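Visitor: Bring the two chains, given one by one in their own frames, into a single complex with the hints.
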Amino acid sequence: MLEQQRSDAASQSPELKPDSTSGPSSQVHFDAVGGVDVDHATVPQSIPRALAGCWVAWSADGLSIVGSGTTLQDAAEAAMTAGETDPIFERAAGVLRR
Amino acid sequence: VMFPFRPCDVEPSPAHPSNRIWRPIVPIRIVGPSGTKRLFGLLDTGADETKLPMGVASDLGIEIDPQQPARFQGLAGQQAKGFYGKDVCFELRQGQKSYRWIIAKIAFLYDPPDANEEEKITITLGHVGFFRYFNVAFDHQRSRVKIRPNGLFRHHPG
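Just so you know, the sequences run in chain order A and B.
Residue numbering for the first sequence follows our numbering, starting at 1 and increasing by one per position.
Residue numbering for the second sequence follows our numbering, starting at 1001 and increasing by one per position.
These aren't lab readings, by the way, just hints derived from the structure by calculation.
In this text, all values refer to a predicted model and were calculated from it rather than measured experimentally.
Take the hints with a grain of salt, since some may be wrong.
To be verified - Now the stretches of chain A that chain B is said to cover, found in silico as 3 or more residues with beta-carbon under 8 Å:
#1 60–69
#2 74–85
What the hints assert, rightly or not - One side of the interface only, derived from the structure: several residues of chain A facing chain B at Cβ under 7 Å:
#3 Val43
#4 Ser46
#5 Pro48
Backbone N, C-alpha and C fix where the C-beta goes; we use that ideal spot for every residue, glycine too.
Bound conformation, chain B alone (with noise of 0.2 Å):
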């Protein structure tokens, strides 16, 4: 599947001196037991694992284990905190591609209360949970991103 990089309104800097960045951010499904929800997934190389925020869990009625707690530590010293869950069926579906698959353990994090909208409303789609199981090309030249499953991909029917 190919999803094309979508446009971010930021701050222009030296080395970017405009107001618009192009990321990619791909349209994914959470399942759960209560439910489904669409989200916005940041494709991030940079992410160990793959974190929901704490509210989809509550929204699909996922369990959350208080035994297992998550603590995360971005590049800039930031910190999130939340919990684990498990067995969260994700979808990345294209016209009539589509692919399911589960993640056993993930982590569900509170928002920082310095998190921004955007960051409220993206998950971040990392090694653990994704990067795993895809192979995933950037595409900076046509801003998009191709996504093709690997050989460590298991089909979840749903």
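Just chain A, same shape as in the assembly (with noise of 0.2 Å):
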């Protein structure tokens, strides 16, 4: 069962899917220990390459991207088209510094 809904929440996009050495899609465990708080868990989406040096909103959670724009108005209203009245905004900078 545990492994069904891994594999379900795996499928739901190809973002989801390993991409490197140490992400945790091939690691994130959907369990249900004392059933609290664990489900929660999911992995957020990742900003696709073409969206580098974009604003992108997020979902009030950060899990799901809502709109994105070359300037912070231009994202704020693609989210507000969107639906989300709470977004987060983050520049999407490609390669970053460590």
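Guide: Structure (structure tokens):
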């Protein structure tokens, strides 16, 4: 059952497939130990390369991209159009320093 | 509450030969006199204090005290300057669970000239203002972080 849930989660988006040596996608478990808090953890959507340099609006839980634009205002309007009233904004910078 | 680590693109290194690294970054809400703002917060156990970008103070109408300068120096010697503000409300929310608390004094820092975009938009959650009030378990196996309030946490009704 647990493996089935994991497979379902991974099949929702190609972004969830492992793409690095250390990403969590292949290791994310949706267990139910204690039945508290455990199944809230899902993997945030990856920012597509095409959005490098753009402003990205995330859903309030920080898991899904709900809009983007070349300016913060564009991203805000896209988020509003998508129905997200409480977005989090991020500038997709591409490769970052450590 | 529990949050997944967030993917960040980085330059590969000998120790981490991938171009992606997963960091404990959580969505957090900042509340000021003239509004609220949602930001991503990096759980930084190496940071003594919680810090916010100076722009947040102006966006949310938070008064800063010019008599109380803030100066910080990172492990690599990088410096950041700004001023302290007071009584800033933070909220950590997931679903129906919500934790709100007040940080009596918090540093607002100007962006360093070489800051990248992520640094400009991500706040630092340090010991004063965050880890002091929460027990935090980093789970790298599952790439998630579990946060529970401790006995020092005092819920602010908002």
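Visitor: Now tell me if each hint is right for this structure.
Guide: Going down the list of hints, with the structure as the test:
no., hint, result
1, 60–69, "holds (count 4)"
2, 74–85, "violated (count 0)"
3, Val43, "holds, 6 Å"
4, Ser46, "holds, 6 Å"
5, Pro48, "violated, 11 Å"
In summary, the structure is inconsistent with hints 2, 5 from the numbered list given earlier, while agreeing with the others.
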